[in-house]
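J.: Below are the chains, spelled out letter by letter.
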Amino acid sequence: MDFNDTPEEAAYREKVRAWIAENTREYEGLAPPRTNEDFVARQKSWQKKKYDAGYAGITWPKKFGGQGRGPMESIIFSQEEGKSAAPTGLYAIGLGMCIPTVFTHGNQDVIDRFVPVALEGEEIWCQLFSEPAAGSDLAGIRTKAEKDGDEWVINGQKVWTTNAHLCDYGIIVTRTDPSAPKHKGLTMFIVDMHQKGVEARPLKQMSGGASFNEVFFDDVRVPDSWRVGDEGDGWKVALTTLMNERLAVGGKPGGSPDWKMLMDVAKEIETALGPASEQADVREEIAKAYINDRGVKLTQQRALSALSQGKTPGPEQSISKVVVAKQMQELSRLALDLSESQGFVRAPEGSELDKLQSSYFGAAGLRIAGGTDEILRNIIAERVLGLPGDLRPPKDTPFKDIKPL
Amino acid sequence: MDFNDTPEEAAYREKVRAWIAENTREYEGLAPPRTNEDFVARQKSWQKKKYDAGYAGITWPKKFGGQGRGPMESIIFSQEEGKSAAPTGLYAIGLGMCIPTVFTHGNQDVIDRFVPVALEGEEIWCQLFSEPAAGSDLAGIRTKAEKDGDEWVINGQKVWTTNAHLCDYGIIVTRTDPSAPKHKGLTMFIVDMHQKGVEARPLKQMSGGASFNEVFFDDVRVPDSWRVGDEGDGWKVALTTLMNERLAVGGKPGGSPDWKMLMDVAKEIETALGPASEQADVREEIAKAYINDRGVKLTQQRALSALSQGKTPGPEQSISKVVVAKQMQELSRLALDLSESQGFVRAPEGSELDKLQSSYFGAAGLRIAGGTDEILRNIIAERVLGLPGDLRPPKDTPFKDIKPL
Amino acid sequence: MNFDFSEDARTLQDAARRVFDETAGPDAARKVMNDDSLHYDEAIWKQAVELGLTAVRIPEAHGGMGLGAEEVCLIAEEIGRGLVPAPLMSSLLFTEALLIAGSEKQQAKWLPGIADGSVIGCVGWGEGGTQLPGSTPDTRMTKDGLSGTKSPVADAPIANVAAVTYAGSDGPSLALVDLSQDDAAVSVVETLDLVRPYGSIELKNAKVEPMGTSGAYQDFLDRAAVLLSFEALGTQEAAMRMAVDYARDRVAFGQRIGRYQGVKHKAADMYIKGELARAHAMHGAWAFSANSPELRQAAAAARTASLDALTFTAEENVQLHGGIGFTWESNCQFYYRRARALSAALGSRGFWSDRLVRSLEQRNAAAA
Amino acid sequence: MNFDFSEDARTLQDAARRVFDETAGPDAARKVMNDDSLHYDEAIWKQAVELGLTAVRIPEAHGGMGLGAEEVCLIAEEIGRGLVPAPLMSSLLFTEALLIAGSEKQQAKWLPGIADGSVIGCVGWGEGGTQLPGSTPDTRMTKDGLSGTKSPVADAPIANVAAVTYAGSDGPSLALVDLSQDDAAVSVVETLDLVRPYGSIELKNAKVEPMGTSGAYQDFLDRAAVLLSFEALGTQEAAMRMAVDYARDRVAFGQRIGRYQGVKHKAADMYIKGELARAHAMHGAWAFSANSPELRQAAAAARTASLDALTFTAEENVQLHGGIGFTWESNCQFYYRRARALSAALGSRGFWSDRLVRSLEQRNAAAA
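Chains as they are written, first to last, in this note's numbering: chain A, 1 to 405; chain B, 1 to 405; chain C, 1 to 368; chain D, 1 to 368.
Hints were generated in silico from the structure; no laboratory data involved.
For each residue, glycine too, the CB sits at the ideal point set by N, CA and C.
Covered, in the sense of this in silico footprint (three residues per stretch, anywhere, with C-beta under 8 Å from a C-beta of chain A), are these stretches of chain D:
no. : segment
1   : 1-14
2   : 283-296
3   : 352-360
All chains should be built: construct the whole structure from the sequences, respecting the hints.
T.: Below, the structure is given as structure tokens:
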């Protein structure tokens, strides 16, 4: 057992670390971008550098402009990138989920047209799956696409779309055959986000921020050649995309409160019996937080080890989000309770208490995003432990005839 | 608001307290009965006294030999009885559940034959409902009764029968029509427990004790006149019986560990930082235990108040068992953990640790008996909060054709 | 035995509930939240005053209704249920402070105004840090007057008078502050609760009157805890209803989500925690009205249990709604935020669970 | 990165598992439980010894296999999974004590016998009261020898030699006791675990040899905690499997109970707690084998998490079985009881969660 890079990994890490250090200087100490344009420009510039240097699409097949390398290289690059000043994030969904779906299921013309430009960073992509009535039950999609000659006409609403207002294109799942069973009548398309009839509105969250959009489609036309996968195969195709998400929404947002912050906060709080960090109940919570946070990190290192050994990671990965999200909510609440008035008054921007206040709200969202606690427990029980599924209404009823029970 | 008896209640309490004091002297300071015979004899003698003095069947209609009084009188009598040395328990199920079912649904001959003798204490009754495959899902009963002339022939097995080995008669639910839907094909009978073909075996529990029996029925014959309720009405009739159980299995066994015991145990345990009772984590548990234990007691007092006011108690009663059972398990475990080696070594009979050790096992049973935590939560959610029931297979399938999903 | 509220108390509660059902609730709260110029809803305040809700506990001699603990507890519950965007709780708590710690003269001066709604009262114990209601404040009384800062004080920005804590000779005690004086400067403080206004009261040698002993302050804490428990109960039940109603309608995988035990058992737990808290709150109401020695433990248990119930329900209400519950447009946020506000309102659960055990120990010692 | 066990370690684990699958498990445990004359299953013991399971960590010089922490951890997991009714854990723990605290001479004298199974070792730290592994024992060393009582000591009734704690000059330390001497009297002690034999070792001026420093004892605690965590993990996984298998077959209300989220989510929680514990136990195994300064925190986290996982799983396994799970005939009781045994085996979770936080504080202080 060891936690070290293999010689090959170490060498690759050396190489990329050097390159990243060299090429991220210009971003160091920059103030956060003030406008969307600044934000996009900065992200584009970095993506272009990676593309030119051959660090874009590290795991993608060469024929799609990728590097054809293994997952470890990609992980090592992201780790080093994460330690640097590099402006990242905008391409995560597009290059992580959308484009792989496009080059797996799209036709050659579509691949030639979209994949290279996307990898270079010229065009930004979003993913248009969720709907108000299709959340946990994603196949409940109602946005419809109707054939008109060799075009399709899309009408409906999507929700929880990240950065829709900054994107050029998106992949959208639509219902093309309401008389087919729920999972059979869906089809995926590429859609131009700048086209008339497409409207992205920011979706304000409980916390006040708005990192997502609602997107409305009103008679939006798409050529049949922009179809991704066969008509009626939308569900199968969407699953490819979601595979990647499950991995993505693994842990909690970087820099969010952990056992260490709880310990630090508690140290500063004087009680009648000395610092709160000496109270047995607080110590219990610190221990619990360490066990959950570190336990998930260690579990992820088990997965990395598998990849590093060329094996497939085990099912234990599936515990990550359900553990960290709830832990984050409880730790934040406890720390705010311990801080009494100070934890309730809006804390100064960037302070520990500010982090705790936002994470108390953020955690409520994290427990839902990319699979609720309940859905994830179902998945663990069914796919990992082999328990039977919930009793469901017959799967073969035509979508339009489904009567909710 | 007040917690006092009404003048009428106070007067009645005075009266019964005096009578009980007078009539329980002979039981004071007695050693626990050594044989089943002693046990039964002692219980019979007390029941007979109550019968003769007009304190048996307090809430029963006069025409069945009862006193025709209200629930408060009955409760007051039990409260005072509980404070005395009176030997009680053996008749709880028979007179609390079985006989009321008999006089509600049985024919006049059966009533005349059985009710008075039972109330006098001459004959002891048990309830034969649960089966290995019919626990939470009580209607899954498989013990069958087949008509033969004007008799019925019973074959099958019952389980979790209290005191079956001490009883003279029982009420048994059987399946008389396997081709009817599950809830429709059941019929209830009175059965003679001394009859050939009836065998009661003690059912040993995880804890080692055996307060229940398994009862086997092998070609046991019952006259049709001993049928309780119509053929096929067994489920409806059984519900009458169970109404009473829900009330019975309300709280936790008297004298079982509560917050006070946890506090006492913790006071005695010296830690590096003083007595365990001063540690914040232990204090949290004491507070939790008080909130649960006392909260349930107070909730029961809300019900008593309703009865005392001639109203029906509210649905809040339904929380009692699910709260106390889990609380009992956690409190016992925590106290045993705090006691380290001492909590693991078999504790001296009757000591606090002995109580805690048995209640750690007892609680595991209490969480299941008379409705599991899960069933009770379903009941609260559906009957109290009005949520829809679990999705179930069609109710109208003939029992014999039901294929488990 | 009659461990239940009187018919009269129930009648008053129903009246309050009818008014708040019409006027208050999440929509009214949202209106106040969205309008920065608005600290509370004057129309609701007027109606509540007309109904006599600020006058219940005030003796008739001072223009009040002279009613008991039962009535004010049930009113607090309705205020909580309706998320009522008006300074009612603050005035009720101030009234209790004045009743238990105030002199006849002080009561005569302020209670009539509270009763007729011309005066808004508030209570300040925190000092912006991690103080507990039991710890000795930094606010000090010198011959020149009272100096220190009380924050965050609910409704201070709209209040005329405040009961604040200071370091009394034998522990924290109360003082009466006329907020119209310039030696008491109130500034708005932002908190996690976007509906109820909070302020900081800065005292510079303020001319104030002491109110009662440190013992009276401790007794005030018990009564305040009982009232806040009923407010929490009302809010908790409203959040639970919201969750249950949604679970009854929302469909996923072809069935209403209320059919799933994952949802059902969560709802049952909301109810269980709520009823446990209610039992203790009722116990507190009884001990309050009967002036029983059990008040200290009953109040502490009620406060602890009601915060547990509200926190759990507010969090799981969002969870049960899924994505939509996390949006600004959803009403889930009001309960999620108010749970924080009620936690911070008078020392969070840790203070009260410890106070509970302390009082149990004292009763055991006394009994032994 | 290779945070996983070596192929060799896995191979040895599989061998152990195959043997125990055939010979051990609940039925073997029940056999020992039901026969009062039986303290353990000699056939299983012989097979385990032949397989070399008592020799893994013992240097080849002393007739052992000279293997590392990874191997012994995985063996402990299999012992736990099989509820193995033989004194294997005790001998493994005794071996670790001797390896870290014993002199070359002591090792030479005892290890060969442990390796070939002719000697059974055990470890005694408790004294029948509420002592913690960290507190100073009442057992004292005088010029006349060692005096005190160690209880309950797992497998003492069948052991030949024991490592026991006594009050060393600078804290609890280990001493080596030859149980064949008459100054060490062993009597059987009844516990909640009806399978594993426990004894009390009464020492009257016993002629014993000190073993290492108090520091060595602290290091032993870390290694013991890691081994016990793997034992707990094995037992926990067996209990989880039992629950899942039952939920897959048992039918209620026309469907297998595994379909109900109430059951499903409980099973998922068993898995989640188990995998968290496994991650920390593996961290412990690594720190053990790498002799890393992280061992103290890793061991404490592993012990805490594994007790949480085992306790939850053992309790909910009964719950999920319903009535049948509460019967003597059901195998649920073995896991329910063993969970108590493992809790008491070396200080319950409170001791270890505190030790965890203490070590985190020290590392932070050092880092700062």
